[in-house]
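Peer 1: Residues per chain are reported as follows:
There are 2 protein chains.
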Amino acid sequence: MTLTGDLLIGGGRVPATAGTMKAFNPATGEFIEPEFAFGGPAEVDRALRLADEAYDSYSRTGLEERALFLELIADKLEAVKDELAARTSLETGLPAAQFEGEAVRTAGVFRKFAAVVRQGRFLQAAIDPAQPDRQPTPRMDHRLQKVALGPVAIFGASNFPISYSVAGGDTASALAAGCPVVLKAHNAHPGASEIEGRIIQEAVAESGLHPGVFALVRGPGNEIGEALVDHPLVKAVTFTGSEAGGMALYRRAQQRPDPIPVFTEMTSVNPTFVLPAALAARGAEIGTGLVQRGMYNVGQACLKPAVLLAVEGPGYAELREAAVTEVAKWDARPMLTPGIHDAYTRNAQRHQDNGAVRLGEGTAPEDGAYGQALLLEVTGEQLLAEPTLREEVFGPTLLLVKLSSSEQLLEAARAFRGQLSATLHADAADRTTAEALLPVLERRTGRIVFNAFSIPQEVSYATTHGGPFPATSDSRFTSVGMGAIERFIRPVTYQNFPDELLPQALRDGNPLGLWRLVDGELAR
Amino acid sequence: MTLTGDLLIGGGRVPATAGTMKAFNPATGEFIEPEFAFGGPAEVDRALRLADEAYDSYSRTGLEERALFLELIADKLEAVKDELAARTSLETGLPAAQFEGEAVRTAGVFRKFAAVVRQGRFLQAAIDPAQPDRQPTPRMDHRLQKVALGPVAIFGASNFPISYSVAGGDTASALAAGCPVVLKAHNAHPGASEIEGRIIQEAVAESGLHPGVFALVRGPGNEIGEALVDHPLVKAVTFTGSEAGGMALYRRAQQRPDPIPVFTEMTSVNPTFVLPAALAARGAEIGTGLVQRGMYNVGQACLKPAVLLAVEGPGYAELREAAVTEVAKWDARPMLTPGIHDAYTRNAQRHQDNGAVRLGEGTAPEDGAYGQALLLEVTGEQLLAEPTLREEVFGPTLLLVKLSSSEQLLEAARAFRGQLSATLHADAADRTTAEALLPVLERRTGRIVFNAFSIPQEVSYATTHGGPFPATSDSRFTSVGMGAIERFIRPVTYQNFPDELLPQALRDGNPLGLWRLVDGELAR
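Residue numbers (our numbering), protein chains in the order written: chain A, 1 to 524; chain B, 1001 to 1524.
Only true hints are included.
Here are the computed distance ranges between Cβ atoms for each label pair: (1) B:1230 / A:406: 31 to 37 Å; (2) B:1338 / A:258: 29 to 35 Å; (3) A:108 / B:1281: 53 to 59 Å.
Calculated directly from the structure, the hints in this document are not laboratory data.
On a predicted model such as this, the values are computed, not experimentally measured, just so you know.
Each residue gets a CB set at the ideal place from its N, CA and C atoms; glycine is no exception.
Please construct the entire structure, taking both the sequences and the accompanying hints into account.
Peer 2: Quick look at the structure:
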């Protein structure tokens, strides 16, 4: 595929109206061809008018037709995986092999959402039949299904240029829900974005869908994102990125005359608690595992186990030593963007200024854009006294917390803000402490992991990638896993309808063969 | 029950700290004994600290225990229904018989939520078993259930002093979800609020639950509501009332350091579309029905069919004449509060200042607090040109819209903001127009009613009482019906857990006998 750098709107390519940019290779510090177009509010407006036009037909596609469309995107994603991986590697400084895997896994996500669409259970069809003889008042027939919200604005994330970007899980779940998508591409990987966007655009055309079903826009600074969030035809927004960026969009959307749902996935340190018996039994193994998982994607992962807490005692020294040994094996690596690298350096220094002791580090940085692995340590007292030590350092820094007692462990657990995940390493002898800790963690996180690390991320029905603020802006939803579709649908009740005017999912005789809730009982 | 006027916090009665008030009888214009206590931020803080304390135990109550608690509230509501109806009638000027029915129906809502709790399907248990041999990476065991958000602040509504107030559907659904409730009582019916609050307080005590599970607060002006919405321990807010009031709370909550879900149900004119064949066949019947349902609760109902639209043609004159005849039968009636009456008079006048013609009216007002029934008419051109004609007049005013064509009918349908419901009267010969209109309505409303009126409200699994803004602040939820519980729960994933540490709902062998999603398929 020859990259053209154009925006993708209405099934066609749209040249720059607001300047251009080039991709940056953080491994070499060089800019890469070609020039990528920037657009502005006019392009956002055009994309959204088309998306709005597309809504009526796209949201009413048959389940099989929509599933086939998602599978076509999956096929195309697999077909371009080598090219996509090579370009993404250039734009991120991360290994191409990682992105081949990411492309295949993300194609799998589209296939899983195709299965969700075919099952049709996401429609949550419910039927309360008429009860004409009920006393004191008869009951009319009521039938409910979920419908698509409308055009969705999706902000591509910087850190996973496939799975959380243009052809990522947000797009898959919004398209599965029946929502047209206007995608704001992240400027850290414009070439990867174009490849992904063009295959979706092709799939839209080959599936005979309205060309407004998908658009890709890009712009300098914040203006294009603000135009998206402000646009009256946008009905939902998703964003994955920093707390500052996410909250700016969130608060802006809430100031619209008509507020819309905004799901932002922002920040998490994914605290890992190691209880005494587990620490004594396998401290070294946990210390090694911590660093290995923590360094994944150069520490630029939402599920990075950034903070490990353990009561000082048997095994703690071994854990620390193993972590120091492991971190020394990590080369400095290019970070996603120079801006992310600068923030990383600043935030890692902030931890040290706030008393974190440097236990170990990776090899020296090759140059200014490379992030050096760091292992820091604080005491429980320090963690409790200084809130910023409980905040994320996006990049390859890990923090050990040496606690003085089980009581302090519980106190520390209570001090964290909302998290995407928390991890518990515990053996049978730790059961009492584990049982005391679990309710504390459950209140603060969307996922609890037991005796394992939460990376790699599993995309399945029981996945939660969400959690209380600031992990996300709405803990009732997940951005990964089959439940992600629920961000984009709303209930509609059809009351006293003749069968022929009802949506297929709600008709007598259950022509789609769905699981439906009939008078409160599941049936099909 | 002897009313004491106290606030209800922590299982006890709390006297006034910020002055007192008396209830007002809008039928007689007289104040009624006793004095009711006002509290302030200190009482809110106390209630929320207790609610937060109660969360850990209450959110973990067994399903049977929680269901029995809800049924106990239902029993108590039925037991006090005569006393509650009599007091509510005094405080609203509406007939006691209406409130006996409302008390019984609302007890039914608690019983229905008890059934929802017993079924346990709201936990949405999902299990993706481990696949240790999967290639290229094994899958860990993932299990998901929904958990309660935390303490919920509920604002009692003015217009249904039982079903949307202290012991109403919001409270039933939040308690069913496992959330403690802090209820801000509406000052329009403090006696009804006390009766309802005390039976819940009794039920909490008799069920052996933590006394923080329920509290009732009351205050002058906005301060107490603001303290509630701002409090760091509140995890969700629900409100039913005006757009101005709802949006003030909504925007305030979004300005918290940690935004929380706020569900506000605000305003809807529930447009009724009468298509030509239906109009010709039964115009008079529809005109009579419109007024009869429109006058329910003195026009102070969220589902009031406030605006009826029809293309001028055979049957229109009959519809109009029948409506004029019917409206003339309606006495002026006391409205809920003098403030609501004033706003009603002002808004009905606004319609007329904006060109609405007075077709008919009820009998003359007895005095200043009584609302007079009004039937107004505008043309389609007028409705399209003047946005306020598409807005709610809360009270017994109905607006007929005489359209010039089917095209104008579609244009008018597109002009409305989001609605709780829309109604379609259509016969077989109207099918083409109906099929063109339905997608337009579906985008703008949470419920479409066919050849019927949407009052009375049915509380069931297929109920949606929600809709796009400004009907509600989040169209993905409903405030009435079994789905209302979803406002108060969030997913948590337990990854790689030993069976004995899992919540009951997720354990091997399915000890609770729930429907669960196992590897994407429903099973039990």
